[in-house]
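Make a model of the complete structure from these sequences and hints.
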Amino acid sequence: MRVPTFHKRQKRKWLLSGAVIGSCISWLLFLYMFGSLQERQALTLELQKNEIRDLSAHLEIWQEEYKMLNKKTLHKLTVQEVEIEIMNYEKYGIDDAQSIYEIQENIKKDLSVLSAKDLETVYSQKELLRQTIENKTIKINQKSYSLRVKEWLFYTTIHIQLELTLQDN
44 MRVPTFHKRQ
54 KRKWLLSGAV
64 IGSCISWLLF
74 LYMFGSLQER
84 QALTLELQKN
94 EIRDLSAHLE
104 IWQEEYKMLN
114 KKTLHKLTVQ
124 EVEIEIMNYE
134 KYGIDDAQSI
144 YEIQENIKKD
154 LSVLSAKDLE
164 TVYSQKELLR
174 QTIENKTIKI
184 NQKSYSLRVK
194 EWLFYTTIHI
204 QLELTLQDN
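Last residue of the sequence shown: number 212 in this note's numbering, and the count goes up by one each step with no gaps.
Hint data in this document are derived by calculation from the structure and do not stem from the laboratory.
Here are the simulated lysine-lysine pairs, DSSO-like style, with alpha carbons at most 27 angstroms apart:
| # | residue 1 | residue 2 |
| --- | --- | --- |
| 1 | Lys152 | Lys134 |
| 2 | Lys169 | Lys152 |
| 3 | Lys151 | Lys169 |
| 4 | Lys193 | Lys151 |
| 5 | Lys152 | Lys179 |
| 6 | Lys193 | Lys169 |
| 7 | Lys169 | Lys119 |
| 8 | Lys134 | Lys151 |
| 9 | Lys182 | Lys152 |
| 10 | Lys152 | Lys119 |
| 11 | Lys193 | Lys160 |
| 12 | Lys119 | Lys151 |
| 13 | Lys160 | Lys115 |
| 14 | Lys110 | Lys160 |
Note that the coordinates shown come from a computational prediction; the quantities given were computed from them, not determined experimentally.
Put into structure tokens, the structure is as follows:
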């Protein structure tokens with residue numbers, strides 16, 4: 044058997060050679076485009092890694108500063124408000140909510156000097172505060188009462204629970 048000659052069929056030869064050359068050119072074009080795209084992606088990834096590393100370092104610095112500032116401000120807290128709660132007034136038959144409210148407001152007015160003071164200073168003066176509150180005589184319905192500090196909590200809001208006791212005349 045003999046292989047047919049190609050010189051008689053020029054169109055097939057041009058077609059095959061065109062297909063081979065076209066595939067080579069398209070393969071080279073694909074490699075160039077894919078390579079440039081991958082190079083661009085690698086550059087973008089490297090930039091993002093550097094940015095993440097820088098931002099992480101900045102975040103650590105900010106967090107450390109934030110923690111230090113919180114510690115400083117925790118030591119320098121100030122009193123914002125004073126809350127007074129009077130307990131056991133029902134025991135003495137006092138149903139007048141207005142009188143209890145006035146007593147609470149009167150004590151708040153006496154302790155208003157504590158507002159905007161350093162919490163450390165206020166806490167160190169707690170015995171003076173106790174004496175100020177307990178030496179106060181209150182009259183409700185022609186009876187004299189005194190207050191006794193039952194519990195208090197010191198933070199930006201000072202919460203004081205007072206117990207009402209009947210005074211002997």
